[in-house]
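Turn these sequences into a full structure, and let the hints guide you.
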Amino acid sequence: MLSSSKVAGAVARMGVKPAMTARIPSSIMRSAAAQPIGGRNALLLNQARNAFAPAIRAPIQSRGVVAETAVAAILAAGKMQGAGLATIGLAGAGVGIGTVFGALINGTARNPALRSQLFQYAILGFAFAEATGLFALMVAFLLLFAY
Numbered sequence: 007m008l009s010s011s012k013v014a015g016a017v018a019r020m021g022v023k024p025a026m027t028a029r030i031p032s033s034i035m036r037s038a039a040a041q042p043i044g045g046r047n048a049l050l051l052n053q054a055r056n057a058f059a060p061a062i063r064a065p066i067q068s069r070g071v072v073a074e075t076a077v078a079a080i081l082a083a084g085k086m087q088g089a090g091l092a093t094i095g096l097a098g099a100g101v102g103i104g105t106v107f108g109a110l111i112n113g114t115a116r117n118p119a120l121r122s123q124l125f126q127y128a129i130l131g132f133a134f135a136e137a138t139g140l141f142a143l144m145v146a147f148l149l150l151f152a153y
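Our numbering numbers the first residue of the sequence shown as 7 and each following residue consecutively.
Keep in mind the hints are simulated off the structure, nothing from the lab.
Between beta-carbon pairs, the in silico distance windows are: (1) L140 / A115: 27 to 33 Å; (2) A109 / A82: 41 to 47 Å; (3) A78 / S122: 53 to 59 Å; (4) E74 / Q126: 51 to 57 Å; (5) M86 / R121: 41 to 47 Å.
Ideal Cβ placement from N, Cα and C applies to all residues, glycine included.
Put into structure tokens, the structure is as follows:
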């Protein structure tokens, strides 16, 4: 329980407010009288809401993006989305490398005498596929940090 001095201090900090302000009824907002304040489950719902709040808020607040205006927030969101879309090229590079070495194994199985020549072609194909992935990664980093 609060002591009377704490209650008096809280009332003094709140200041003098009018007893009741006129509210315009709306079809969207329910009036305060229509919503049950107490009830059997009110305390349980508040405890459950407070128990999950840190778990929900933690991933959002752990981000290092702090935007002071709406324009800066939209720009930061666009940068992150663009960088995420640019990294799709890394998946393409992985598929390309897998295709190149799969074809090397298939070609070596068909004609083992051409193993050294096919391996040279496979390394060249690997380099090209990896270069496209590195270009995609470079674009993602440029979007995040250069602009």
